[in-house]
Amino acid sequence: MAMQITRFGYYWLDTWVLANVIQLATQDFCSRFLNNSNDPGGRQYDQMTQAARSAPANIAEGNSRHATSKETEMKLTDVARATLSELANDYLNWLLR
Numbered sequence: 105m106a107m108q109i110t111r112f113g114y115y116w117l118d119t120w121v122l123a124n125v126i127q128l129a130t131q132d133f134c135s136r137f138l139n140n141s142n143d144p145g146g147r148q149y150d151q152m153t154q155a156a157r158s159a160p161a162n163i164a165e166g167n168s169r170h171a172t173s174k175e176t177e178m179k180l181t182d183v184a185r186a187t188l189s190e191l192a193n194d195y196l197n198w199l200l201r
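Heads up: the sequence shown begins at 105 in the working numbering, then just goes up one per residue.
Just so you know, these hints were derived from the structure itself, not from any lab. In this text, a Cβ means the ideal position worked out from N, Cα and C, and glycines have one as well. Each hint should be verified, as a subset may be incorrect.
Derived DEER-like restraints, expressed as beta-carbon distance ranges [unchecked claim]:
(1) Lys179 / Arg201: 29 to 39 angstroms
(2) Arg201 / Asp132: 12 to 22 angstroms
(3) His170 / Gly145: 21 to 31 angstroms
(4) Arg169 / Trp198: 30 to 40 angstroms
(5) Glu175 / Leu200: 14 to 24 angstroms
(6) Leu117 / Glu175: 17 to 27 angstroms
With the hints as constraints, model all of the structure from the sequences given.
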């Protein structure tokens, strides 16, 4: 008998799982390496943690809208992709300092 997942189907998506791993790793990175001497005001810390939080949230919301609007699902998935791209740029900028 096949199991039908009706709620929280995004829990089984590799992209959602990976986005959550990235979120946890970003929290750890920011806590360890961003401080007042290299990030006065905490702007970079806030930007990176917000981007890391946004990606899994957009994947989950897009997946939950799957039944009603494929267009909205695709838009939210694209927002998650763009957010992770922005986060990758933040890491690169930090490394190039």
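Which numbered hints does this structure break? 3, 5
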